[in-house]
Amino acid sequence: MKRSVRIAAFIAVLAAAAALLIAETLVIKVQTTSLRREPKFYAASVATLRQGETLERISAEGAWIQARNTAGVTGWVHESAVEARKFKLAAMDKGLKTQATAGEVALAGKGFNKQVEDSYKARNTGADYDAVERMLKIAVSPEAVLAFLKKGRLDVEGGSR
Amino acid sequence: MRDLKLSVSAVVLGSLILSGCSVIDQGLDLAGDKSPISSADRQTVGKTTQALRSTFAEITDEEEYYIGRAVAALILARYPAYENRELTQYLNLLGTAIAWNSDRPETFAGYRFLVLDTDEVNALAAPGGFVFVSKGLLRLCRDEDMLAVLLAHEIGHVTARHGLQSIKKSRLVDAFKVIGSEVARRYGPQELAQLTDVFEDVLGDIVESLVERGYDRKYEYEADALAVRFASGTGYDPLALPDLLQAIEDRSADSEGRGWYRTHPTPKQRIDRAGKHIAPLPEPSPAGADVRSQRFALAMKNLK
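In the order they appear, the protein sequences are chains A and B. Numbering-wise (my numbering), the first sequence opens with residue 1 and increments by one. Numbering-wise (my numbering), the second sequence opens with residue 162 and increments by one.
Simulated pairs of lysine to aspartate or glutamate, DMTMM-like, Cα-Cα distance not exceeding 25 Å:
1) K151/A / D264/B
2) K330/B / E83/A
3) K150/A / D451/B
4) K121/A / E373/B
Using C-beta positions, here's what the derived DEER-type ranges look like:
5) E143/A / P350/B: 45 to 51 Å
6) P441/B / R6/A: 55 to 61 Å
7) R412/B / A147/A: 32 to 38 Å
8) V73/A / T216/B: 32 to 38 Å
Simulated from the structure, these hints should not be mistaken for lab results. All figures in this text were calculated on a predicted structure; none of them were measured in a lab. We put the CB at the ideal spot given by N, CA and C, even for glycine.
Produce the entire structure from the sequences given, and follow the hints as far as they go.
As structure tokens, this is what we get:
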């Protein structure tokens, strides 16, 4: 009797720990971003993160999350670049349903994707995708934005709120 | 022996919980009949994997990007880009600085800001962060603060996903049906044709809101409130928003009701509301005003 109580307690602890671990997993939802040395957009990058990569959450400071990537590198990522993976078998509520399916779509690269775009382009030759590609080539470095803010005596704490 | 059995089942249960995500991802077949999850639970999880997305909030960032690309392609088919490297660079430095101070600094492929070669007074933001400002509207900005609140307003539409909210729900139900029924990464010809139809309808809804009819007023007011917060957070004077709206109002007589005038509520209503958001904010520091004036003048000097 005593032993089975101990075992039940062990199972409960294990389940609680597992649930916590699952809740702490983050998935990159943007094409690419940086794991940064400090919680600032202009901080040095310690690793490049790509869509679908997972991170282990360590702590948070405002909108910045300290996390570790699969290679064991620790740094900071902004919350707008990640999605928390929260699956709990015991709590299948409505919100969770929708998260799971949107997450599945993201993982599978399905939904409105390149294949749909190619099909749309073939039908609508008037849409100017070449101009969009040129627009996407516009690039400003984080260092240049920091210099812009500093010279204008503006706020350099960006993204901290 | 009994101990060992119990410990083994504890480990199995633990690892099942640990691998919860992958079990859900793979449709629960892994668990089979011997799993410690009850059949009722299995049914719930099974339903979960089949549940369809139904609202704009469940559009992924990647899908938003593909929608935004197409909307941008349609805008750029209507208005050519204004080629001016210095001005484009300046606009992107300013816009990115404000995006850093927004609720959503990172989108799937990031923000881009472009000047449209038209004298019409207009600004548009396609989903995902493609922001356009017309030459006509740029000319109404007298300083960097006015341009900052203008970009902050457009960034507000992106962060609040207003473009996606203008998609009719029935389109999404249709789209998600096709997407949800196909397991493979690539669509077959029939699914692809169906999905392309829906994609066209989705774009139709957004372009109608963005270019023809305008957003619902409440979205414009919300974007103004966000503009005040984002611009002020970056260090700009939020009073530049009422200044900008007044400048737009002053030009309304010769606008022929096109562009911004067709798609936005009257500046008077917006000025009153914006004032309420501005009142509690601290006054910005005047430091750096000279540098900002100089670089604004330099960037705008070749605007033809």
